[in-house]
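A.B. asks: Chain residues, written in single-letter form:
Protein chains: 2
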Amino acid sequence: MSVHKSFAGANDEYVKDFNERKLGGLALPPGKKVVVVTCMDARLDPAASLGIREGDAHVIRNAGGRAPDALRSILISQHLLGTTEIAVFHHTDCGMLTFTTDQLQSILKDKHPEHAKEINEIDFLAFPQLDENVKEDVAFLKNHPLLVDNEHITGWVYEVETGKVRQVV
Amino acid sequence: MSVHKSFAGANDEYVKDFNERKLGGLALPPGKKVVVVTCMDARLDPAASLGIREGDAHVIRNAGGRAPDALRSILISQHLLGTTEIAVFHHTDCGMLTFTTDQLQSILKDKHPEHAKEINEIDFLAFPQLDENVKEDVAFLKNHPLLVDNEHITGWVYEVETGKVRQVV
Chain S
1 MSVHKSFAGA
11 NDEYVKDFNE
21 RKLGGLALPP
31 GKKVVVVTCM
41 DARLDPAASL
51 GIREGDAHVI
61 RNAGGRAPDA
71 LRSILISQHL
81 LGTTEIAVFH
91 HTDCGMLTFT
101 TDQLQSILKD
111 KHPEHAKEIN
121 EIDFLAFPQL
131 DENVKEDVAF
141 LKNHPLLVDN
151 EHITGWVYEV
161 ETGKVRQVV
Chain P
170 MSVHKSFAGA
180 NDEYVKDFNE
190 RKLGGLALPP
200 GKKVVVVTCM
210 DARLDPAASL
220 GIREGDAHVI
230 RNAGGRAPDA
240 LRSILISQHL
250 LGTTEIAVFH
260 HTDCGMLTFT
270 TDQLQSILKD
280 KHPEHAKEIN
290 EIDFLAFPQL
300 DENVKEDVAF
310 LKNHPLLVDN
320 EHITGWVYEV
330 ETGKVRQVV
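Chains as they are written, first to last, in our numbering: chain S, 1 to 169; chain P, 170 to 338.
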């Protein structure tokens, strides 16, 4: 209940070589002009597992690493901050594979029947098949009319059992 | 244009001590029952700067680290995966402080006048004041009727100039 109290101590360690690593002068736009979209899952460390250093890339994370839910952020990234490449990562053993939107809506409506209308309006974006959904999310972006660059978009799976990534599309 | 090609090489390095670190057997639910909401900004490495290790915490990232945009993911995290604490981080020199939703909608409508209607429906969630918006996002979560726990929610600012974090609320 007070995990946040550990943040300050860990942060003291992080800042020790912050100036030495020249991190204070990094520019706002991502140096490698890339956006990584991936899941919020606790087992993932995108920076460590993909070699992303401070200043390199926008990293968007949400439940499932879903592209439709990342659209607002991607439009800001491309139109205001100059990114041109997107890599979408989903992962094995994802929680999103274990339920349907209908099921979660039912759980919430049982707890909060007075909010049934709002709950029914939330699309939880669960998906039943991993590789298939990576392809769907990449297709969603490739076909989106408001993106600056619809070509340089790749789709990947991260294996939580091994730490390995494989490109799907 | 091909940054993603570097991912495989960096990933080879990451997996070298994956078994030694016993990362393959981590459970799906976050061990520390906490969700961190923060910005997609390239200069941020939440794992390194807050001492979050694989398995510890859900990490949600979007443009600005906005709580309203993270709601779908937070509901999944709390109701299906047992988290009870939330820490919201925004940061200095954030791109979201440099424009308004109206301005970005205008930029997009100039480029794509045929999609004006859809563009007008996108709330880009820009904000003019940093600390104030951290407080607003924490209040949004504390007042939200569908959260499991409305008490253990903190708000923070990360300083990109120094790497330091400070608690706002």
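A few of these clues could be false.
[Unchecked claim] Quick list of in silico lysine to aspartate or glutamate cross-link-like pairs, EDC-like style, CA-CA up to 20 Å:
| id | chain 1 | residue 1 | chain 2 | residue 2 |
| --- | --- | --- | --- | --- |
| 1 | P | 333 | S | 20 |
| 2 | S | 111 | P | 262 |
| 3 | S | 111 | S | 93 |
| 4 | P | 280 | S | 123 |
| 5 | P | 174 | S | 159 |
| 6 | S | 5 | P | 290 |
| 7 | S | 164 | P | 262 |
| 8 | P | 201 | P | 301 |
| 9 | P | 185 | S | 121 |
| 10 | P | 280 | S | 159 |
| 11 | S | 135 | S | 151 |
| 12 | S | 109 | S | 93 |
| 13 | S | 164 | P | 189 |
| 14 | P | 174 | P | 189 |
| 15 | P | 174 | S | 114 |
| 16 | S | 16 | P | 305 |
| 17 | P | 278 | P | 262 |
| 18 | P | 201 | S | 121 |
| 19 | S | 142 | P | 283 |
| 20 | S | 22 | P | 186 |
| 21 | S | 5 | P | 328 |
| 22 | P | 311 | S | 114 |
| 23 | P | 311 | S | 118 |
| 24 | S | 22 | P | 318 |
| 25 | S | 109 | P | 186 |
| 26 | S | 5 | P | 186 |
| 27 | S | 142 | P | 287 |
If you're looking for bench data, these hints aren't it; they were derived computationally from the structure.
A.B. asks: Could you tell me which of the numbered hints above are not met by this structure, giving the numbers in increasing order?
C.D. replies: 2, 3, 4, 6, 7, 8, 9, 10, 12, 14, 15, 16, 17, 18, 20, 24, 25 and 26
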